[in-house]
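Peer 1: The lines below spell out each chain.
Protein chains: 6
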Amino acid sequence: MGKMTPDTREQEGVLAGTPDWQPPVTGTGTFSRLPRCPEFGLGEVDLAILGIPWDGLVTYRPGARFGPQAIRQASIACRSYSQAMKVDVFKNLKSVDAGDVDVSIFDFEETFSRIETRVAELQQAGAAVVSIGGDHSVLLPILRATSAKHRQLTLIHIDAHTDTSDTGGNPPHHHGTCIRDAIEEGLIKGERIFQIGIRGSFGDAEYLAYGEQSGINLLDMHDFHDPARKAEFTARLRETAGEGPCYLTFDIDGVDPAFAPGTGTPVPGGLSSFEAIDFLYDLRGLNFVGGDVVEVAPVYDIETQITSLLAASIVLQIAALVAIGKPLSKS
Amino acid sequence: MGKMTPDTREQEGVLAGTPDWQPPVTGTGTFSRLPRCPEFGLGEVDLAILGIPWDGLVTYRPGARFGPQAIRQASIACRSYSQAMKVDVFKNLKSVDAGDVDVSIFDFEETFSRIETRVAELQQAGAAVVSIGGDHSVLLPILRATSAKHRQLTLIHIDAHTDTSDTGGNPPHHHGTCIRDAIEEGLIKGERIFQIGIRGSFGDAEYLAYGEQSGINLLDMHDFHDPARKAEFTARLRETAGEGPCYLTFDIDGVDPAFAPGTGTPVPGGLSSFEAIDFLYDLRGLNFVGGDVVEVAPVYDIETQITSLLAASIVLQIAALVAIGKPLSKS
Amino acid sequence: MGKMTPDTREQEGVLAGTPDWQPPVTGTGTFSRLPRCPEFGLGEVDLAILGIPWDGLVTYRPGARFGPQAIRQASIACRSYSQAMKVDVFKNLKSVDAGDVDVSIFDFEETFSRIETRVAELQQAGAAVVSIGGDHSVLLPILRATSAKHRQLTLIHIDAHTDTSDTGGNPPHHHGTCIRDAIEEGLIKGERIFQIGIRGSFGDAEYLAYGEQSGINLLDMHDFHDPARKAEFTARLRETAGEGPCYLTFDIDGVDPAFAPGTGTPVPGGLSSFEAIDFLYDLRGLNFVGGDVVEVAPVYDIETQITSLLAASIVLQIAALVAIGKPLSKS
Amino acid sequence: MGKMTPDTREQEGVLAGTPDWQPPVTGTGTFSRLPRCPEFGLGEVDLAILGIPWDGLVTYRPGARFGPQAIRQASIACRSYSQAMKVDVFKNLKSVDAGDVDVSIFDFEETFSRIETRVAELQQAGAAVVSIGGDHSVLLPILRATSAKHRQLTLIHIDAHTDTSDTGGNPPHHHGTCIRDAIEEGLIKGERIFQIGIRGSFGDAEYLAYGEQSGINLLDMHDFHDPARKAEFTARLRETAGEGPCYLTFDIDGVDPAFAPGTGTPVPGGLSSFEAIDFLYDLRGLNFVGGDVVEVAPVYDIETQITSLLAASIVLQIAALVAIGKPLSKS
Amino acid sequence: MGKMTPDTREQEGVLAGTPDWQPPVTGTGTFSRLPRCPEFGLGEVDLAILGIPWDGLVTYRPGARFGPQAIRQASIACRSYSQAMKVDVFKNLKSVDAGDVDVSIFDFEETFSRIETRVAELQQAGAAVVSIGGDHSVLLPILRATSAKHRQLTLIHIDAHTDTSDTGGNPPHHHGTCIRDAIEEGLIKGERIFQIGIRGSFGDAEYLAYGEQSGINLLDMHDFHDPARKAEFTARLRETAGEGPCYLTFDIDGVDPAFAPGTGTPVPGGLSSFEAIDFLYDLRGLNFVGGDVVEVAPVYDIETQITSLLAASIVLQIAALVAIGKPLSKS
Amino acid sequence: MGKMTPDTREQEGVLAGTPDWQPPVTGTGTFSRLPRCPEFGLGEVDLAILGIPWDGLVTYRPGARFGPQAIRQASIACRSYSQAMKVDVFKNLKSVDAGDVDVSIFDFEETFSRIETRVAELQQAGAAVVSIGGDHSVLLPILRATSAKHRQLTLIHIDAHTDTSDTGGNPPHHHGTCIRDAIEEGLIKGERIFQIGIRGSFGDAEYLAYGEQSGINLLDMHDFHDPARKAEFTARLRETAGEGPCYLTFDIDGVDPAFAPGTGTPVPGGLSSFEAIDFLYDLRGLNFVGGDVVEVAPVYDIETQITSLLAASIVLQIAALVAIGKPLSKS
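Chains as they are written, first to last, in my numbering: chain A, 6 to 336; chain B, 6 to 336; chain C, 6 to 336; chain D, 6 to 336; chain E, 6 to 336; chain F, 6 to 336.
Incorrect hints may have been included.
Since copy identity is lost for identical chains, a pair holds within one copy or between any two.
What the hints assert, rightly or not - Below are the SDA-like pairs computed for lysine to any residue, each with C-alpha atoms no more than 20 Å apart in a straight line:
1. K235 / D283
2. K91 / E196
3. K154 / A125
4. K96 / D209
5. K99 / S152
6. K235 / G247
Honestly, the hints are just simulated from the structure, not real lab data.
Using the sequences provided together with the hints, build the complete structure.
Peer 2: This is the structure:
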């Protein structure tokens with residue numbers, strides 16, 4: 006089989022963006038038609054996209070277990086060069102699709118353990134990991150792995166919710182407790198957390214109070230639209246982060262449901278897609294070591310799949326942020 | 006069962022109920038799981054949510070008769086504490102779901118009479134009434150009741166349309182004539198009407214001229230985005246209202262169809278959800294005596310029901326405006 | 006408040022089907038606008054509709070937690086007189102909507118316990134319970150309660166799947182193990198189980214073999230369309246049941262996805278709606294003590310909600326079967 | 006341009022047009038690209054398709070006002086030769102699209118009058134009229150016109166509902182009373198009415214009793230699937246009709262919602278599309294003078310618009326029935 | 006037939022917007038119920054709306070062939086007076102719907118030739134042509150016709166993509182090459198092209214470089230939100246255009262997919278509907294000789310058809326721009 | 006990486022159906038999680054699933070280019086053991102997913118050549134090829150390859166359309182000409198073609214006449230429901246086929262649009278899913294050498310993706326037919 010068919014090309018490790026153009030209708034499903042993981046020795050990889058098909062701790066509308074599949078499907082429209090960031094991502098970062106974490110669908114402890122192991126394994130091999138969720142509870146095991154390797158993480162958290170709830174019992178976690186859990190476990194300090202997009206209504210004002218007491222930095226939607234307050238917030242973020250490691254956790258419901266309807270707990274009044282992307286643009290130069298996009302529930306998306314498409318675009322922008330802060334790939 | 010949150014109040018006495026947190030998947034259908042009307046003597050109620058399942062005077066795409074049902078369903082995600090308004094609404098206002106007006110689906114006169122009676126009844130008992138429509142023609146009987154109790158109303162009117170059409174005949178009203186009707190009936194003066202969101206195309210420029218001649222205050226979309234003109238408009242509104250009674254009528258099509266697709270006569274170029282909510286935020290402190298959200302036609306909504314969710318959020322914000330201008334509940 | 010509004014009429018215990026016609030657009034959400042549970046002493050009730058908003062043991066596509074809500078919404082089109090069964094159900098059975106079981110969304114053991122308790126409580130009070138699910142795992146606690154009261158149950162099981170899988174571990178149950186679980190727990194004998202609608206593909210032929218070894222009676226889709234084999238099967242069923250108690254568990258995926266798309270694990274080649282209803286018609290006269298309709302996942306339904314509508318119709322037919330085998334209500 | 010196919014007739018004289026085959030993506034909207042009414046003198050027309058965009062008497066879910074538009078759009082896939090009927094309809098019948106009746110959307114009396122006038126006008130000119138609705142209340146004015154011209158009509162009525170309700174007041178009609186209204190007005194005798202597809206549940210068994218007392222012939226769904234009873238029913242129909250005029254009124258909800266979801270009051274357990282078409286096939290040779298397809302509510306249809314497509318196909322089959330009972334067109 | 010029915014009124018050349026109001030549910034399909042082309046001698050027409058149902062050169066998701074049909078359907082909500090532009094378009098411009106170009110669906114060369122001929126023909130007769138697409142490849146033949154009549158065109162190009170790709174082979178064009186093609190054919194100079202909305206990711210940075218080298222003026226999304234840069238861009242545009250002819254090509258994907266989901270290659274982060282309309286408002290007074298709206302793929306739109314509605318609104322705004330720069334119609 | 010993750014297991018050639026159960030939410034996209042092609046030497050493969058993402062010759066509604074992707078996605082619910090056929094397909098046939106043919110999206114000649122080459126290559130290696138389309142024009146190159154290897158093919162053709170149209174020009178083929186093309190090219194004789202599902206309306210009766218003259222065996226829908234005629238047809242088919250090679254081409258629109266809405270040219274009145282599957286059951290024992298499922302256009306499917314799911318099931322049944330007529334796999 007001398008001639009390369011799409012699948013063999015993909016499998017033989019040809020990076021996306023080759024001159025031999027393929028129509029965006031072929032291929033069997035990696036992110037942006039990246040090569041699959043095992044084709045490289047892990048040591049050569051700069052960036053790994055990792056699916057986490059889990060929604061076992063959702064309180065309201067489930068469906069995020071199908072997020073990875075839908076984001077990969079939409080990502081065929083995501084190409085290598087980011088116009089916003091002005092960088093050719095996959096030329097600068099040797100990238101792979103690392104497949105899905107093998108979740109145990111009814112057992113969060115086993116699943117958390119597998120997520121932590123897999124992320125750590127990829128990070129140890131030198132890859133920045135960008136995860137595609139999955140409900141937001143996956144942040145906890147990701148931070149367990151990431152904070153073990155990268156001390157003094159700064160966390161940028163885009164979300165409609167503070168995720169500082171308290172289950173008060175059994176199980177100890179759900180998808181609205183991950184930030185509180187991470188603080189309580191000592192994985193990250195409140196002062197190093199920066200929240201954008203928070204809005205809506207709460208069952209208990211205590212969730213907001215907890216964040217305040219913990220020192221979390223919060224830019225609410227009213228202030229986000231106030232240029233002076235937004236600039237002050239971003240400056241504080243940059244000062245806090247310095248040259249230290251940054252991690253971006255992007256709950257798609259931080260964006261307004263008009264732009265991201267495909268999610269379980271949408272809240273009106275959020276960021277536009279442009280505002281979200283442009284906010285990331287303002288973070289260029291920070292030392293990003295990883296990130297995630299979570300809470301994409303494709304069954305609630307519209308026909309044209311704009312939520313998955315936005316999620317795929319955010320994955321690319323996170324990768325661009327990683328690339329901008331990095332010398333050219335070793336390979 | 007010491008603490009009474011809205012969630013547990015509904016279930017009180019129901020065998021299935023428990024004092025604990027309930028997941029947002031149970032319950033049979035009141036707004037935000039508020040208790041139903043008859044459980045309280047009406048005299049104790051501060052706020053009544055009232056459904057009006059009517060779309061008998063729609064000229065284009067019907068379906069708003071199912072608005073109340075859909076808004077209640079979406080409202081399970083609306084909790085008591087408003088982040089934008091910084092008030093715990095249902096702690097401050099003893100609130101009930103007053104059910105639906107018993108419409109006569111082919112007879113607008115009978116229906117208008119029942120709406121007026123029901124609103125008056127609730128208002129006489131001391132409740133601020135927030136209605137969930139229904140097409141915009143319901144504003145006329147609501148204003149008949151409300152202006153009888155509250156003299157010199159100031160009317161804030163968010164809409165894509167001026168609703169100053171003239172049917173020129175039979176029947177005398179449709180859903181695009183309610184503002185003109187209210188002026189013609191002497192229920193409200195043009196100078197006390199403030200319109201936001203108006204845009205699009207008109208069959209006849211006379212509808213706009215009528216508003217101008219009547220003294221209606223209108224902030225069109227171009228000027229809404231001009232901070233100086235918007236500030237001037239809001240100042241004029243506050244000056245006009247003073248400490249007098251204010252009423253907010255919110256036609257969901259004032260919001261752009263990207264944010265509120267589920268409506269009969271969508272018009273591109275409208276408010277974003279954030280802009281709508283933030284505009285209400287600017288009205289804190291005015292003396293709101295009631296309001297409504299109308300023209301939600303769920304069959305035109307998207308799967309994730311963002312229109313109903315936005316409508317439910319607006320209901321909560323109107324209630325918050327009522328709460329902010331009010332001492333703690335008598336109970 | 007002399008005059009009865011829809012909500013008060015509903016709450017004051019007026020049976021559905023009164024001459025004072027209400028348009029099917031009002032009301033806040035019980036099944037077919039039945040009165041709510043607490044309005045009657047439980048001893049007077051013949052039939053209780055019980056929601057179980059649970060989908061915590063679904064292996065593929067979740068969403069059945071919203072089944073009860075959607076089925077109730079669709080049930081407004083279900084009126085009291087069944088044309089197929091030729092009986093006026095709610096005239097013959099004093100009926101209530103018993104609300105939802107208060108599930109513990111991440112804890113199947115606690116949830117199973119609450120289901121069993123609630124079903125037993127209603128049955129002890131003399132009511133036949135028709136449950137609206139929820140995923141099929143709820144059958145196990147229902148059978149625990151039902152078989153405790155009614156010995157030697159005959160189980161009619163309509164489904165695409167045999168539900169004789171084995172989780173082989175943790176947790177011990179999922180939504181495809183309920184029949185095997187019930188046999189293993191000794192709640193019912195294989196010979197008293199009659200399965201209709203089974204089809205499609207299986208990961209392991211052992212699941213079918215288990216059923217065969219347990220003596221389960223199975224009419225596959227090919228034989229269902231063979232009049233002689235279908236008649237033989239129905240005759241065997243009637244002979245087995247005799248005058249003993251019968252229970253019908255209706256997994257909506259027994260029906261073809263063209264007729265019931267709103268479900269998590271649809272399988273092509275199933276029963277038509279007519280065939281399902283007509284099969285129930287053939288069961289008239291058996292002594293039905295309860296039933297359920299499960300696996301309705303509304304987010305996968307089409308706009309016109311035919312799955313929920315079919316589910317509501319099946320609930321009515323099960324109630325009709327209960328009514329036919331029963332003297333006129335005591336009240 | 007010797008040969009005049011329907012496709013080219015519309016474009017005749019239009020600058021954009023060519024005599025060649027046109028892809029089914031062009032054209033601005035007549036049924037099956039038939040010529041518009043005014044291009045012919047009315048005296049030359051054998052068949053007129055007439056739209057009635059009216060849903061002012063719908064009790065539950067409105068939307069049938071957009072039926073004519075959607076059916077015309079779908080009809081581009083309806084070509085002239087019917088495989089089932091084995092006749093080239095538009096070769097045999099000189100056919101036009103007569104446009105829409107100019108309804109008065111809030112005034113049923115004015116609308117009924119305009120429908121009656123327009124149908125009578127077309128019938129006087131010699132055309133068989135096939136109407137595309139609209140809700141079923143339009144049948145009454147159609148029958149007023151039709152029964153005035155054609156005495157002793159036999160009415161074939163396909164529907165889920167008997168349409169023998171009684172509004173008991175104001176207004177005197179709704180979309181579920183048309184058959185009773187026609188009998189009460191003396192337009193048709195019960196014995197000449199043949200109902201197929203009736204099923205589901207009723208608020209009052211009296212509606213069925215009225216039909217029985219009036220002598221209406223009814224084949225319920227159980228008997229429809231019994232070949233002997235179906236044959237007996239069809240034989241009785243043929244005997245009653247003889248060579249007299251027949252009219253077919255086809256409420257799309259006679260068909261099961263799996264096949265026709267786009268309608269306001271769907272009822273599970275109905276005819277399949279094949280069964281409906283094949284039933285019409287059994288009526289070949291009867292003297293059809295007109296017909297209608299009603300209750301198509303496109304907003305409830307699925308993406309692929311199968312309800313409108315089925316409706317368009319039924320229109321073609323009714324036209325084929327007209328054609329089969331008729332000598333070659335005069336032209 | 007003395008009295009005018011909707012269809013005859015439409016056909017007899019009555020302009021839209023007559024006092025004799027018709028409900029927006031009747032009529033068989035022209036843009037905003039304009040008269041059809043052949044009713045006027047072409048010499049009397051100021052504005053011609055022309056459909057181009059073509060999507061034969063789409064690389065990703067097809068469906069724009071149904072754009073003209075859907076835009077016409079949505080346009081029934083587009084009335085004559087533009088609130089934004091403050092002009093009564095159809096009073097100022099004698100307007101017709103010129104039907105569809107008779108495309109040859111598998112042959113782009115033949116189709117391009119027919120488009121060019123038809124546009125030229127209408128332009129020669131004095132009409133400004135506003136085309137409704139169709140994929141963006143139709144711009145090439147439109148520019149061939151338009152630049153032949155109007156020398157030194159200024160081209161305003163709203164799009165997410167630069168459309169400066171190069172197929173590198175067979176066929177020589179696709180829907181992403183039209184701007185490069187027009188430059189290469191010498192139809193327009195790069196310096197006279199003004200691009201707004203460009204964003205997202207690219208397979209090859211060369212596409213952007215080509216535009217830069219050709220002198221194309223580009224305002225990217227980041228700069229669009231910078232008032233100073235936007236003002237500078239618009240000033241440059243006005244200076245370049247002067248009193249010379251301007252043409253507006255509006256790819257609907259220039260708008261964000263939240264506002265225009267119904268398109269084949271959506272890109273997050275685009276213009277809002279308001280921003281797009283308000284940008285056109287800034288172009289008042291330029292000498293517009295024509296325009297187009299392309300890439301509307303209705304099957305990807307949401308139920309409420311906001312993409313088609315926006316497209317129809319943009320058509321009206323382009324017509325308003327034509328009207329503003331023009332004396333009152335000759336008729 | 007000792008432990009096998011889903012992706013590595015898949016890639017390391019583990020057949021589906023291993024005891025180590027994986028939830029159906031992981032994996033990156035082969036048919037039923039089969040291993041990819043290059044992992045085996047081709048000589049060891051019994052069955053190859055081949056995607057053909059092509060819809061370049063569709064006359065009406067495009068979208069079948071995304072068929073392969075959607076069918077693979079739905080196939081995760083297709084497991085190895087077929088209940089209908091009573092065979093464990095992937096235990097009996099060593100099976101791979103051979104990826105997609107690398108189509109040239111605007112060039113049918115190049116694409117046809119690549120299809121023919123790829124199918125021939127796989128067949129030469131000993132694999133039965135089951136293709137997933139793609140529009141029906143792909144049948145021609147598939148038959149070119151298949152009839153070159155297998156002389157005297159018997160073709161079973163399930164479809165709503167006869168596909169015996171004649172383009173009369175340029176290009177020489179479209180998706181409705183493939184059967185006529187194959188006869189004209191001498192690839193197959195009319196007498197060896199058996200058509201099931203044909204129905205609806207035709208632009209020209211000649212298409213049916215061509216089939217008759219060519220000796221094609223056709224069972225129309227009326228006769229399909231006549232047991233005697235159906236039995237006679239199947240007997241004739243078996244007699245014709247004998248022990249010679251059979252090929253099944255399954256246009257999904259042969260099935261009724263209620264069961265398969267996701268297709269470009271749906272026709273009411275078709276086969277049910279059960280009837281289609283049961284018809285295949287009747288073909289057990291014939292010597293099937295390959296097959297295809299075509300015309301799945303996912304954008305027209307409903308949310309629950311029943312069309313793709315049915316298509317995947319049909320692929321499995323075709324594979325089962327191959328397996329039944331074959332000794333146990335060589336491996």
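Peer 1: Take the hints in turn and mark each one as holding or not.
Peer 2: Here is how each hint holds up against the structure:
{"no.": "1", "hint": "K235 / D283", "in the structure": "both (12 Å within a copy, 16 Å between copies)"}
{"no.": "2", "hint": "K91 / E196", "in the structure": "neither (31 Å within a copy, 23 Å between copies)"}
{"no.": "3", "hint": "K154 / A125", "in the structure": "within (8 Å within a copy, 52 Å between copies)"}
{"no.": "4", "hint": "K96 / D209", "in the structure": "between (48 Å within a copy, 11 Å between copies)"}
{"no.": "5", "hint": "K99 / S152", "in the structure": "neither (23 Å within a copy, 45 Å between copies)"}
{"no.": "6", "hint": "K235 / G247", "in the structure": "within (18 Å within a copy, 33 Å between copies)"}
The earlier numbered hints that this structure contradicts are 2 and 5.
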